[in-house]
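Engineer: Sequence:
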Amino acid sequence: MSGIMLAGGILFIVGVVVVVLYLIVIGKRDLPFDVTDDLGTCLVLKTTAVDTDYNSYLDLKKKQNGQGMIISRIYPERLLKKYSINDSTLLWLSYEKTDSSIDPSSLDKLEYLVYDFVSVNKRSIVLLDGMEYLILQNTFEETLKFLQSLSDHIILNGAILIIPLDPASLDEKQLSLIERELETFQVNHRLMRFFE
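Counting in the numbering used here, the sequence shown runs from 284 upward without gaps.
To be clear, the hints were calculated from the coordinates, so they are not data collected in a lab. There is no bait here: all hints are sound.
Okay, the calculated beta carbon distance ranges per label pair: (1) Asp386 <-> Lys346: 31 to 37 Å; (2) Tyr416 <-> Glu360: 15 to 21 Å; (3) Tyr378 <-> Glu424: 20 to 26 Å; (4) Phe423 <-> Asp386: 17 to 23 Å.
C-beta atoms are modelled at their ideal positions from N, C-alpha and C, and glycine is treated no differently.
Using the sequences provided together with the hints, build the complete structure.
Structural biologist: What follows is the structure, given as structure tokens:
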């Protein structure tokens, strides 16, 4: 009887280990780091963890050996300090007037700045961290049209666009429309953080 219980316990432990290893592989595979050969790509990272978004950007930028642009709600000086970003163009989504700010309701101006950047800097990486904010400051439809046009510029110029997005910030229909337009990855940070 105890031999059967021991064998059952061992099988249970082996099963748990297999499931955990499977989840680790799936979680790690969800990060799109193999896109360096696939230029002209727009990626939506469904996530809530800001640090991984910026680290993904820095990793891809390093692999591409290209120029980078970050559009964010985080003030540029904070980005520089926190992530040691020293060779990227930084745009702050804000109504405040500074040298590096861009009015979030001026989607056409933002689109032009990104287009100009990617057309001059081939193989560039653009991180657009602030989709939820753009949707709040405009409408979802205006922001989706902006993304569609931006996606065309990215593809034609061989760049990579990374858009972190908290899926809970959108309703099901909105999320479905974005997933239809752009390549989407679910990033499982909790599991990855546990096993790092």
